[in-house]
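I would like the entire structure built from these sequences, with the hints used as guidance.
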Amino acid sequence: MKIYNTMTGMKEAFVPLQPGKVGMYACGVTVYDYCHVGHARSAIVFDVISRYLRYKGFQTTFVRNFTDIDDKIIRRANETGATWDAVAAQFIEEYYRDMDALGIARADIEPKATDHIAEMIEVIRTLIAKGHAYAVREGDNESVYFAVDTFAEYGKLSKKDLEDLRAGARVGVDERKKSPMDFALWKASKAGEPWWESPWGKGRPGWHIECTAMSMRHLGETIDIHGGGADLIFPHHENEIAQSEAFSGKPFARYWVHNGFITIDKEKMSKSLGNFFTIREILKSYDAEVIRLFVLSSHYRSPIEFSQDQLRDAEASLDRYYSTIARIEEFIAVSAGAAPKMQPAAAAALKNVMERFQPQFVEAMDDDFNTAIAVGHLFEMIRELNRFLDTKPSGAEAAGLLADAREMLRSVGAVLNLFGRTPHQWNVDLLRAKQIALTEEVILRKIQERRVARENRDWAAADALRQELDAAGILLEDKKDGTGWRVKIV
RNA sequence: GGCGACGUACCCAAGUGGUAAGGGAGAGGUCUGCAAAACCUUUAUUCAGCGGUUCGAAUCCGCUCGUCGCCUCCA
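72 is the number that our numbering gives to position 72 of the first sequence; each next residue is one higher, with no gaps.
Some hints could be false.
Unchecked claim - So the derived label-pair ranges between C-beta atoms look like this:
1. ALA152 / GLY20: 28 to 36 Å
2. GLU79 / GLU153: 34 to 42 Å
3. GLN308 / ALA333: 56 to 64 Å
4. GLU221 / SER272: 47 to 55 Å
5. ARG387 / ALA333: 17 to 25 Å
6. LYS434 / LYS159: 41 to 49 Å
7. ALA118 / GLU12: 30 to 38 Å
8. LYS11 / ALA471: 47 to 55 Å
Calculated directly from the structure, the hints in this document are not laboratory data.
Yeah, the Cβ is synthetic: ideal placement off N, Cα and C, and Gly gets one too.
So, in structure tokens, the structure goes:
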């Protein structure tokens, strides 16, 4: 298995610290607002990575944190009149609502920054003792900064040169810092801000220190995989490395994994640009699985352009998948008991694709979690299954083959957490996602009416019913043993 | 200004040395009472451009053009 490591800029063979075990930490969200599609991408990517690691047999411990204390949370609290911890609690809840909908599994450990203040203080103390950090008085309390000059390898992750950073510093230089690049480990609390008691008086943690404290507490001083969005490379992850390695003297993470952005009109989707869609907004008109497939159709490091067209593409692909599964189920129900019949060439072609399917999936995922290729193979299988069905086979052997194929798709789909529903459920859920004002009951009644009309060879009445449903967004499919319905895509 | 990505058909997208996956859209066909789905055919002698290395390059190197990201909070 190979993983692209941001640290080296290369795909590397994945060798965990302890054979068979993986410790992985992904930076989660700061809980001050609803999540947007960019957050969804990151969550989906690391969800799939952890699922795949388990699929490969690694005993995986996955930690994803919540940043529940920070300037933005405090600001939000001040704006809304709520307390800072109420804001955090609310948006953790909202986060779970969105992520649960998207099929993001809970991480094994989901720590909160504020539950690890003691660990952070311990790390900061040691860093001061080792000469890597210094306290600066601010009123009655002190702030503590990490002295970047004491960590010779600073910049190794983001490939930045300390001199360039200084020269290009765009932020107003804080007079109290020894060097402009020094960053806060601990912030003296200002009036009205939340605070914790510390050796430096009343204060609160800086942003980066929480990940060091939580990662070490839950996974040890060196972990296998540390991930997050590409925008965290600098300064967040760079600073984590500096403080963590200065503290422990050991490598902090062996593989650094960063997902690419979601863009709109080629620009990064972000709060500050205002060009974002919340997960919740998208879920008003698309099924959650559509978002998942949209994300997993590209490699996790590539930028993906967000648009309605893209979502519709993903929706059409999913519909194709579920339609094929529906065909298979129908075949098994209807034709399995019939006289055995299979065209040898068609059966051989299907068997061939089936044999290659799982190894190809593993090969794709082993190559830096290439879900785009994996999804490609999945749809090749779909095409082959349809081809086979078109040869009109029958009998138990054909049914067995199709059942095996369906099971393969299901088990591989589970790693991506896709394709988990029945075709019927997919269509029922689409009624809601597409806000179609018909219930399944009504649709079935219309189909019944149309059946009667067709039996009477009243084609005009039958077609009128078809058109009526079509106008509402429902397609009817006449088959040998009856008429089925599906939600029209696009 | 510094650093780093990326540029593959109408659209999306994989492909990091061996002769262009897959999906969508379009056109034609098979099937169908009409449809739909599905399948078949068709859409890049070519991978932003120009040079170079090589028996061989979309893949490696150089330059040019274009787009984006990070350098400040950001998934």
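- [ ] Please test the hint of 30 to 38 Å on the beta carbon pair from ALA118 and GLU12.
- [x] 35 Å, holds
- prompt: So does GLN308 sit 56 to 64 Å from ALA333, Cβ to Cβ?
  reply: Cβ of GLN308 to Cβ of ALA333: about 36 Å, so the range 56 to 64 Å is violated.
Between ALA152 and GLY20, is the Cβ distance one that fits in 28 to 36 Å? 34 Å, holds
- prompt: Quick one: are ARG387 and ALA333 within 17 to 25 Å, going by C-beta?
  reply: Holds - the Cβ-Cβ distance for ARG387 and ALA333, about 20 Å, lies within 17 to 25 Å.
task: Could you see if the CB distance from GLU221 to SER272 stays within 47 to 55 Å?
output: 35 Å, violated
Check: Between GLU79 and GLU153, is the Cβ distance one that fits in 34 to 42 Å?
Finding: 40 Å, holds
>> Quick check on a hinted range of 41 to 49 Å for LYS434 and LYS159, using CB atoms only.
In response: 46 Å, holds
Does the beta carbon distance between LYS11 and ALA471 stay inside 47 to 55 Å, or does it fall outside?
52 Å, holds
Hints 3, 4, counting from the list given before, are not met by this structure.
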